[in-house]
Structures are given as C-alpha cells and as structure tokens.
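Residue numbers (my numbering), protein chains in the order written: chain A, 105 to 436; chain B, 3 to 72.
A portion of the hints provided could be inaccurate.
[Unchecked claim] Okay, the calculated beta carbon distance ranges per label pair: (1) B:Glu16 x A:Asp168: 36 to 44 Å; (2) A:His159 x B:Val69: 51 to 59 Å; (3) A:Ala395 x B:Ala68: 27 to 35 Å; (4) A:Arg193 x B:Glu36: 44 to 52 Å; (5) B:His29 x A:Asp168: 37 to 45 Å; (6) A:Arg193 x B:Ala68: 28 to 36 Å; (7) A:Ala219 x B:Glu6: 35 to 43 Å; (8) B:Ala68 x A:Ile139: 41 to 49 Å; (9) A:Pro224 x B:Val69: 18 to 26 Å.
Since the hints were derived computationally from the structure, they do not count as laboratory data. These numbers come from a predicted model, not from an experiment. Note that beta-carbon positions come from the ideal geometry of N, C-alpha and C, so glycine has one too.
As a plain string of letters, each chain reads:
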Amino acid sequence: MSASPTLPQPRGPLSEAVQRRLTGLPTATSTWPPIPEDPFGDDAQLGLWMLYELHYRGFADVPDVLEWDPELLSLRAALEAPFEETLRRLAAQYVTDALAGSEDLVEQVQSVVEAVEVAPLAAYLQRHATREQVLHFLAERSVYHLKESDPHSFVLPRVDGRAKVALAELQYDEYGAGRPDRLHARLYADALVAAGLRTGYAAYVDQVGAETLAVNNVMSLFGLHRRLRGAALGHLAAFESTSSMPCRRIAAGAERVGLPPAVAAYFDEHVEADAVHEQVAVRDICGSLVAAQPELREDVLLGVAACLLLDARAAERMLADWAHDDETERAS
Amino acid sequence: MTVEAYAHDGTPVETEPCGDGPVLVRHADVVVTEDGVAHEATRPVVAVCTCERSQRMPWCDSTHKAVRRR
Chain A
105 MSASPTLPQP RGPLSEAVQR RLTGLPTATS TWPPIPEDPF GDDAQLGLWM
155 LYELHYRGFA DVPDVLEWDP ELLSLRAALE APFEETLRRL AAQYVTDALA
205 GSEDLVEQVQ SVVEAVEVAP LAAYLQRHAT REQVLHFLAE RSVYHLKESD
255 PHSFVLPRVD GRAKVALAEL QYDEYGAGRP DRLHARLYAD ALVAAGLRTG
305 YAAYVDQVGA ETLAVNNVMS LFGLHRRLRG AALGHLAAFE STSSMPCRRI
355 AAGAERVGLP PAVAAYFDEH VEADAVHEQV AVRDICGSLV AAQPELREDV
405 LLGVAACLLL DARAAERMLA DWAHDDETER AS
Chain B
3 MTVEAYAHDG TPVETEPCGD GPVLVRHADV VVTEDGVAHE ATRPVVAVCT
53 CERSQRMPWC DSTHKAVRRR
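Take these sequences, add in the hints, and give me the full structure.
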C-alpha cells in the first residue's frame with residue numbers, strides 16, 4: 105500500500121484556507137474566504153481536489169476523521185455547486201441535440217461523442233512530441249491513472265441488476281482481473297518507473313494545470329453523489345469510448361521517443377481493453393441503467409458531455425504549453 | 003459473422019453483437035477464428051472483431067470506428 109501523499113502547494117486564498125484547516129493551523133478568520141469566481145480556476149479546483157482526496161487516500165499528517173467534517177463538507181458543497189452548474193450549462197446543447205436526434209441511448213451517446221471537438225493530443229504525441237513533452241503528459245495523467253477506476257467504484261452500491269453486474273465486470277478487468285500485477289494503476293506506476301518519473305500517489309499534483317484537476321474532480325463530483333450516478337456512468341462510457349484509438353497513438357509516440365517498453369505497454373493494454381469496455385459501458389452499463397430508470401437518461405448524457413468537454417480543455421492546455429515550448433526553442 | 007468460442011469447463015458462452023462494432027463474448031476461454039486457429043481469451047469479456055480490419059485479430063481494436071467515419 106502506498107503512503108498517503110503530502111498536501112499540495114496552495115494556489116490562492118481558498119486552497120490555502122483548506123490546507124490550513126486540514127493541517128490544524130489556526131485560520132485568520134472563522135469563516136472561509138469567498139468562493140473563487142472561476143469554478144474552473146486553479147484555486148477552486150485545487151481546493152476541491154484536496155477535499156475530494158479525503159475520500160480516497162487522504163494525506164499524510166491530516167486526520168482521517170476530517171473526511172466527514174461538517175465544515176469541510178459544507179465548503180465542498182459550496183465549491184461543487186458552481187462547478188456542476190457550469191458543467192450543466194456547457195453540456196446542455198449537446199444533450200438537447202442528442203435527445204432530438206435519436207431515441208436510442210447508444211446512438212445518443214455516440215452523437216455526443218462525435219459532436220464534442222477533441223484536441224489532437226494523441227496525434228501530436230504519436231508524431232511530433234519531444235521526449236520531454238511525452239514525460240510531461242505522463243506526469244499530468246498520473247494524477248488520475250494512479251487511482252485509475254476508483255471514482256467509478258463509488259457507483260457500485262447505487263445501481264442494481266444488469267448495470268451493477270456489468271460495472272463490476274468492467275472494474276474487475278481494470279483492477280487486474282484477479283492479478284495484482286495487472287492492476288491498471290500498478291501498470292501505470294510501472295510505466296512511470298520505466299520513464300524515470302516519480303510514482304508517489306499525487307506526486308505531480310503541484311505541476312498539473314487546473315484543467316487536469318477538473319478532469320479528476322468531475323469524476324469525484326459524479327461518483328460521490330448518488331443523485332449523479334447517471335452522470336458518473338455516462339462519464340465512464342465517454343472515457344472508455346474515446347480511449348482505444350488514442351491509446352494506440354500514444355503507445356506509438358512513447359516508442360518513437362525511445363521510452364522503455366513498459367510505457368507503451370500500459371497504453372497498449374488499453375487498446376484492446378477499452379475496445380471491450382466501451383461496449384460494456386455504453387450498452388450494458390448505461391443502456392441497462394436507463395432501461396431500468398428512464399429518468400436518468402439526461403444525466404447519462406450530461407456525464408458523457410462533461411467528460412469530453414473537460415478532457416478537451418486539458419488536452420488544449422497541454423498542446424498550448426507545448427506550442428509555447430516550440431516557439432521559445434525557435435527564438436533561442 | 004458467427005463467433006465460435008467455448009469454456010474449458012463447458013459453461014455456455016454468451017454473445018452480444020454491438021451494432022457495426024464487435025461481438026462481446028462472455029465466459030469464453032477460447033475463441034476460434036475461421037482459419038481454425040484457437041485464441042486464448044484472457045479477459046472476463048472479450049470483443050471479437052467483425053469488420054475484419056483490426057490490427058489485433060481476432061480482438062476488436064476500435065478500427066471499425068475509423069472505417070465507419072470515412
């Protein structure tokens with residue numbers, strides 16, 4: 105079992121107040137600083153990320169009991185409300201269009217997947233990225249992949265019947281199908297070791313952008329609220345539906361820049377695995393859920409759109425950072 | 003396309019076609035392709051390619067999506 109991570113560096117007054125509260129330091133006032141205006145910004149996303157992590161591995165030197173601290177939970181709710189509201193606003197048109205285009209959930213999911221524009225991150229990694237840029241990508245993704253699949257496990261006790269069976273089946277594969285050395289989070293740690301990167305849980309959180317924090321936080325938002333179980337499973341379906349082909353490109357990119365085989369092996373495993381998981385997630389999990397509870401259809405599609413929109417923002421941010429690297433290099 | 007698959011202990015396999023994508027196969031230990039070659043199924047569920055363009059035959063690698071979009 106890996107050791108609990110240390111707390112990240114604050115990125116503004118709110119995340120600083122959260123950090124002080126978690127470490128038991130006295131705070132200047134008895135109330136929290138105002139909720140940051142930008143729900144996608146660094147301060148709000150880091151604050152939320154720290155609060156969510158209390159439900160996963162916690163932090164070294166932070167008492168476990170704070171997971172259910174009423175003050176922290178109410179702060180979390182105050183940060184979640186504008187985050188969820190913004191996601192719903194951004195997703196609304198995609199959901200409406202999907203509902204208008206078909207009555208079939210599989211087709212509706214597919215139409216959202218096709219409608220959301222994706223930044224060509226995988227193609228860039230395959231053909232153009234430098235070794236340093238591939239390492240940056242691996243570090244950025246480590247925030248999620250070292251707890252791969254954990255957020256969606258929160259949904260298991262909240263669904264029933266065929267959707268539950270299919271979700272358990274998918275998670276069993278993600279969790280190594282009975283073999284600890286095949287746990288996907290473990291495969292990712294192996295890839296990080298091979299690439300010469302740090303493998304500590306959340307070791308790179310100080311380096312990642314707010315966009316990557318949001319990619320992680322949306323899974324916790326959907327996973328930790330039973331009322332959002334439809335969105336959590338829609339998120340899973342979108343994630344799995346947009347993974348197989350990009351993973352093939354990323355594996356090729358890792359080989360192209362000469363990283364050891366364990367790096368390509370991680371992504372290679374996901375070419376086949378996620379081709380299966382896509383079908384299981386869309387049809388057997390989301391399809392069964394909506395068949396049993398038709399009122400969750402829109403939330404499933406919200407989850408699909410939210411996953412893709414936030415992934416696209418994180419990809420755009422990385423590509424923009426790298427375009428800047430390239431310009432700096434040309435100028436020097 | 004018919005998928006020939008079986009479990010060593012005789013458990014009946016279940017198949018689920020996925021539109022223009024693969025066929026999901028559950029409970030199989032072995033999937034036999036048309037050329038008679040037996041492939042070990044190592045996952046709880048496997049997706050068998052039906053578009054015949056996968057680079058990992060007999061397993062689906064999502065190539066059907068690229069084919070469909072053209």
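Right, here's what the structure says about each hint:
In this structure, Glu16 (chain B) and Asp168 (chain A) meet the distance hint of 36 to 44 Å, their C-beta atoms being roughly 43 Å apart. Between His159 (chain A) and Val69 (chain B) the Cβ separation comes to about 42 Å, which falls outside the hinted range of 51 to 59 Å. Between Ala395 (chain A) and Ala68 (chain B) the CB atoms are about 30 Å apart, so this pair conforms to the stated range of 27 to 35 Å. For Arg193 (chain A) and Glu36 (chain B), the hinted distance range of 44 to 52 Å is satisfied, since their beta carbons lie about 51 Å from each other.
With their beta carbons about 41 Å apart, His29 (chain B) and Asp168 (chain A) fall inside the hinted range of 37 to 45 Å. One distance hint, 28 to 36 Å for the beta-carbon pair Arg193 (chain A) and Ala68 (chain B), holds here, with the actual separation near 32 Å. Range check, Ala219 (chain A) to Glu6 (chain B): Cβ separation about 38 Å, and the 35 to 43 Å hint holds. In this structure, Ala68 (chain B) and Ile139 (chain A) meet the distance hint of 41 to 49 Å, their C-beta atoms being roughly 44 Å apart.
At roughly 20 Å, the beta carbons of Pro224 (chain A) and Val69 (chain B) sit within the given window of 18 to 26 Å.
Hint 2 from the earlier list is the only one contradicted by this structure; the remaining hints agree with it.
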